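K.L.:
Protein chains in written order, with the working numbering: chain A, 1 to 132; chain B, 133 to 264; chain C, 265 to 396; chain D, 397 to 528; chain E, 529 to 660; chain F, 661 to 792.
A hint or two may mislead.
[Claimed, not checked] Taking lysine to aspartate or glutamate and the EDC-like style, the derived pairs with C-alpha atoms no more than 16 Å apart in a straight line are: (1) A:Lys89 to A:Glu120; (2) B:Lys221 to B:Glu252; (3) C:Lys353 to C:Glu393; (4) D:Lys474 to A:Asp46; (5) A:Lys78 to B:Asp178; (6) F:Lys749 to C:Glu306; (7) D:Lys485 to D:Glu525; (8) C:Lys353 to E:Asp572; (9) D:Lys485 to A:Asp46; (10) A:Lys89 to B:Asp176; (11) E:Lys617 to E:Glu648; (12) E:Lys617 to E:Glu604; (13) F:Lys738 to C:Asp310.
Simulated from the structure, these hints should not be mistaken for laboratory data. Here the structure is a predicted model, which is why all the values come from computation and not from measurement.
There are 6 protein chains.
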Amino acid sequence: MFSVTVRDHIMIAHSFSGEVFGPAQRLHGATFVVDATFRRPELDDDNIVVDIGRASEQLHTICGSLSYRNLDDDPEFKGVNTSTEFLAKVIADRLAVRAQAGELGPGAVGLTGISVTLHESHIAWASYERTL
Amino acid sequence: MFSVTVRDHIMIAHSFSGEVFGPAQRLHGATFVVDATFRRPELDDDNIVVDIGRASEQLHTICGSLSYRNLDDDPEFKGVNTSTEFLAKVIADRLAVRAQAGELGPGAVGLTGISVTLHESHIAWASYERTL
Amino acid sequence: MFSVTVRDHIMIAHSFSGEVFGPAQRLHGATFVVDATFRRPELDDDNIVVDIGRASEQLHTICGSLSYRNLDDDPEFKGVNTSTEFLAKVIADRLAVRAQAGELGPGAVGLTGISVTLHESHIAWASYERTL
Amino acid sequence: MFSVTVRDHIMIAHSFSGEVFGPAQRLHGATFVVDATFRRPELDDDNIVVDIGRASEQLHTICGSLSYRNLDDDPEFKGVNTSTEFLAKVIADRLAVRAQAGELGPGAVGLTGISVTLHESHIAWASYERTL
Amino acid sequence: MFSVTVRDHIMIAHSFSGEVFGPAQRLHGATFVVDATFRRPELDDDNIVVDIGRASEQLHTICGSLSYRNLDDDPEFKGVNTSTEFLAKVIADRLAVRAQAGELGPGAVGLTGISVTLHESHIAWASYERTL
Amino acid sequence: MFSVTVRDHIMIAHSFSGEVFGPAQRLHGATFVVDATFRRPELDDDNIVVDIGRASEQLHTICGSLSYRNLDDDPEFKGVNTSTEFLAKVIADRLAVRAQAGELGPGAVGLTGISVTLHESHIAWASYERTL
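In isolation and in its complexed conformation, chain A is listed as follows (with noise of 0.2 Å):
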């Protein structure tokens, strides 16, 4: 099996509603740095994974529709808690779509799997892996 991986950022703020996140109860903010894993058992014709261009313009696209924002005024998250790990969910289903859609390019149709990780910080962070 084959994967490759780029990496990208995004600066937000949000807050926690449920007693298990303590001082994370309230309005916060983190970095998250963002890593988007495609997977596939073969090399494509050119003898890669994905056009790691197009790849990189798709999840900074994703990463711009988030970042330097208060995820707690995005509709889309309304009563929910945006945490690592559902906002590593987010992305790569995002990045599924995109793939789905062929903006990786023709050479992506042979991708089976994405995933990507979030990293909060030294000591935390958290991931979603999903097939395509």
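Using the hints, position chains B, C, D, E and F against chain A.
P.N.:
Same frame as chain A, but now just chains B, C, D, E and F:
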């Protein structure tokens, strides 16, 4: 599949038995930077994998029971090579016991796997992965 | 010249005022990984720069007073752009006050400088360096 | 499942053929930081995954055979795009041959998998994973 | 003293002349992860060291003029060993020219120094530091 | 000012004397990732700071003389707390002796400073800086 990882570290002395270990047969030591990963297929009602505060505390307690010690003197490791990969299993198994005892909170019943990685230097690390 | 550095982190929300900040004028947030460095020309009687336990505790207390907050709501930062470089100075100055008040232990009288670096992402960080 | 990883690196020149590569069609180069991971379900009699000294040496020899070269001039890679993901497979396969030839020592018969990750920059890396 | 650092990277081919370089006399290549640091004693009216957006753009433009090239073919480097330390100076000097030409914005008149670090692998890097 | 840094590591056991060290008074151990930096104001005739091959070898030899040992048993460190900051000085001074003895090659006469950083974990490191 979702995962959350938290990081801590231990600083220990030990020695190894067996020619394969070369100079590491002498009493020496290591800092192990410890990454503990918790996995589950679906998020809990709070939209998280695990209470990260509790996960960090439990890992810190386990690390505290190992750190600032000569592992050669620990009766539990009598006659055992406390290799990096072995210690990864020790910490993963202790986390599993605590998870099953409810120390990670009620939401942790949904956890299906734990893995632990110990970084012994900038050029070597080892992991152990298990189900729950 | 000797130095010792300890690392901690804060997670905050804030916004900036001024066109130079572009989209960062919106309410957003950041994780700042905080490195605090203590300097002195000679080691103390214990052969150290500073009691690293106390240094870590003091940094953790200062980080705790800033973290999980919207800095826009902090009266101390009223009308101030809480840029990464500015926050590096805030933390360095608070550490200096604590060092001078004896919170780092009696050996800390020999400290001659403090610097603080805040990493806001994998591609940007800022520092402030001062004498003691 | 246990694993042990060792890190080395190569510095090479190469060029790519195909419009998908954009400016990387020109002769350029890369440092690849190489992580080689060895996996097995149970530890051997010495309580380890693999003789880490031998594993490091074998990886270093393989890296030495690739490094400080223009890969475009290597007959083995004639007409092939030596992408990061492709080179990860080259190194993994060469390690597999050496493991099967006994170069990792007698304990290595229990190895069941190898994976190799090549980091081409702080924002991109690729992996190849195979069984043994 | 305050500083802000931004990171980018280049991927180049080159060769060295001189026995001291050993196998690096052959045509090979490198990824250089480039950290550009801007220094000043006091913050500007916006409470920053430099417009980080402009600083990143200028560094990216300079990196773009060097990247995906064989430096041996660049007339500017004719007969010159493009060592890591030398390239750090090239980038620092180009940033200085742009700062002095106003490309970093009007606030940048207060900058007093620039340093550039190029990481050539996980085990080697080089820096050049200059005044402005 | 130019600098070049090379990285290596040591794995040692030791204990500390003095209440300030808390649990580190017990026999324990550490991995120290060692960064050795060489400085000079102008490059030599080969356009470099130092022969990086020789610098790496000399650092490796010095690390080898310390690693896989219990420093409490080393007569040179009798009655001395081998703190991270102290060991940074030990390594820097040994590098200085070798530089002055010509072990870094003839070009090294232009070196004006050496600094050494020892990383003891992901959250703590120490440095010593000296002239040559």
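K.L.:
Under the constraints set out in the numbered hints, which ones does this structure not fulfil?
P.N.:
No hint contradicted; all consistent.
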